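Student: As a plain string of letters, each chain reads:
There are 2 protein chains.
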Amino acid sequence: MAKKIPPPPSGAAADPSDPAPGAGGEGRFGCAFSRRRNRYHHGDLAQALVTAVRTLVERDGVEKLSISGACRMAGVSSAAPYKHFRDRADILRALCREGFGELREAMATAAAAIPAPGPDRLAALGKAYLAYAEANPGLFGVMFGMKRELHDPEDTRTHEIAHANMLIVIAEVGAALGEDPPGEEAHRLACVLWTFVHGAATLTLDGDYEAAGVEVDTHAMIDLAAHRLVPAR
Amino acid sequence: MAKKIPPPPSGAAADPSDPAPGAGGEGRFGCAFSRRRNRYHHGDLAQALVTAVRTLVERDGVEKLSISGACRMAGVSSAAPYKHFRDRADILRALCREGFGELREAMATAAAAIPAPGPDRLAALGKAYLAYAEANPGLFGVMFGMKRELHDPEDTRTHEIAHANMLIVIAEVGAALGEDPPGEEAHRLACVLWTFVHGAATLTLDGDYEAAGVEVDTHAMIDLAAHRLVPAR
DNA sequence: GTGGCGAAGTTAGCGTTGCTCACATAAGTT
DNA sequence: AACTTATGTGAGCAACGCTAACTTCGCCAC
Numbered sequence: 001m002a003k004k005i006p007p008p009p010s011g012a013a014a015d016p017s018d019p020a021p022g023a024g025g026e027g028r029f030g031c032a033f034s035r036r037r038n039r040y041h042h043g044d045l046a047q048a049l050v051t052a053v054r055t056l057v058e059r060d061g062v063e064k065l066s067i068s069g070a071c072r073m074a075g076v077s078s079a080a081p082y083k084h085f086r087d088r089a090d091i092l093r094a095l096c097r098e099g100f101g102e103l104r105e106a107m108a109t110a111a112a113a114i115p116a117p118g119p120d121r122l123a124a125l126g127k128a129y130l131a132y133a134e135a136n137p138g139l140f141g142v143m144f145g146m147k148r149e150l151h152d153p154e155d156t157r158t159h160e161i162a163h164a165n166m167l168i169v170i171a172e173v174g175a176a177l178g179e180d181p182p183g184e185e186a187h188r189l190a191c192v193l194w195t196f197v198h199g200a201a202t203l204t205l206d207g208d209y210e211a212a213g214v215e216v217d218t219h220a221m222i223d224l225a226a227h228r229l230v231p232a233r
Numbered sequence: 001m002a003k004k005i006p007p008p009p010s011g012a013a014a015d016p017s018d019p020a021p022g023a024g025g026e027g028r029f030g031c032a033f034s035r036r037r038n039r040y041h042h043g044d045l046a047q048a049l050v051t052a053v054r055t056l057v058e059r060d061g062v063e064k065l066s067i068s069g070a071c072r073m074a075g076v077s078s079a080a081p082y083k084h085f086r087d088r089a090d091i092l093r094a095l096c097r098e099g100f101g102e103l104r105e106a107m108a109t110a111a112a113a114i115p116a117p118g119p120d121r122l123a124a125l126g127k128a129y130l131a132y133a134e135a136n137p138g139l140f141g142v143m144f145g146m147k148r149e150l151h152d153p154e155d156t157r158t159h160e161i162a163h164a165n166m167l168i169v170i171a172e173v174g175a176a177l178g179e180d181p182p183g184e185e186a187h188r189l190a191c192v193l194w195t196f197v198h199g200a201a202t203l204t205l206d207g208d209y210e211a212a213g214v215e216v217d218t219h220a221m222i223d224l225a226a227h228r229l230v231p232a233r
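Protein chains in written order, with UniProt numbering: chain A, 1 to 233; chain U, 1 to 233.
Note that these hints are calculated values from the structure, not bench results.
Each hint can be trusted.
Residues of chain A placed beyond 10 Å of chain U at every Cβ, according to the derived structure: (1) Thr51; (2) Thr55; (3) Ala80; (4) Tyr82; (5) Gly101; (6) Asp120.
Below 27 Å or equal to it, Euclidean Cα-Cα: the simulated BS3-like pairs (lysine-lysine) are: (7) A:Lys64 - U:Lys64; (8) U:Lys83 - A:Lys64; (9) A:Lys83 - U:Lys64; (10) A:Lys147 - U:Lys147; (11) U:Lys127 - A:Lys147.
A short, non-exhaustive set of chain A residues, derived as facing chain U with CB atoms under 7 Å: (12) Gly145; (13) Cys191; (14) Gly213; (15) Leu229.
Please read all numbers here as calculations on a predicted model, not as lab measurements.
Each residue gets a CB set at the ideal place from its N, CA and C atoms; glycine is no exception.
With the hints as constraints, model all of the structure from the sequences given.
Tutor: Shown next as structure tokens:
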């Protein structure tokens, strides 16, 4: 059958199905997605796909995400991903890992900015969580909203990262309570705080506050929760 | 071109793509989905489709939901829904309305069971919310997790129902605080409580507590939050 | 009853998706 | 230079959402 189009779509690779007005100002080469020059092999297709999926998820929402679209953006055929990932869910799992890592960093940074342990530092932690969600709404939705479809019992890495995030909170609550090492009370309060902040993030992202017709000041809410829930020492 | 199969798949309509082990014990006729007898017209296809979608969502999760599957379950062709609904999202919106109505009833009932206003009644409200979510995990996910894709500016009904739910909570918090009519403080605290309870629901349903490796007693958490957040009078 | 009309079904088919196959190419090792 | 192996390609499958054109049947006027 020979070869109809030997080195495929030449160079311009950023054509994610619809025009995407002006979207990324990537040049002809060197953009994060496209293959290097006109090479047959991509270089790092796995990461390029994850990045493409991420930008598509942020641009159009999870529900409109298609792997085909990401392939178009990366400038490869729609069969290429399966050399690197088992299936669609596997790609999303890789994206999740990226996200959990970033979230953890963001929280650690925020905590370090507050000198002493206590409600204020916990509030800062919560605000960092919320800020990350608002800055990466699509990714956040994938990270926390697709557990059922992405769940893979063999994938321990993702769990470990998520657990590490939890440990940060528990440690901080323990420090605020003066428990060292953090005990049962710290554990319980950490869960309550995470639950609250996560609720704020999801309700914000999903537009549920608006839908319910209420106006909220999420930062004020976090401050209030942190100070009322964590008893003063 | 004549008629190949005049009254289509005779009677047995419960064949939603895969066997569905034992699933619904519906008889040959009279099940909630299938058309009445072998009639060409269904009777109430709109409701039957919503019901079918609901059971599929609960059985397989939102991500695996297909309208075709619901059609198979209702015993109609895959083009039939579009006589009643604009598109897929329209069907899901109808399902959401059903859910919000039920949720509201559940909360109202739970509140009525506690004699006096106060933290205990608020906790009961929250537990009812959580219980509804746990009893209808798929539906709950659709109701709150698909705002972006289901959003329709012309659909005011759904918003009204969601707002009505919020008003219940605000009124109860107002009563607990002794504010009548409920003021700004009641409003803010109601948002905080909803946020917390909603967070508990989503983290539970998505399996995030498990993923993070923590064990939680959600009822105890709700009690704690209600009592610490709502100041004693 | 009869006839016509419109609502609510039908089949056929389009374009897209996720994924698999057999094959082509390039990179690296010997 | 030859062989091996990782990584790409195109063709093609079944399923999906949705449209178009046609058929069936309930209902209402007469």
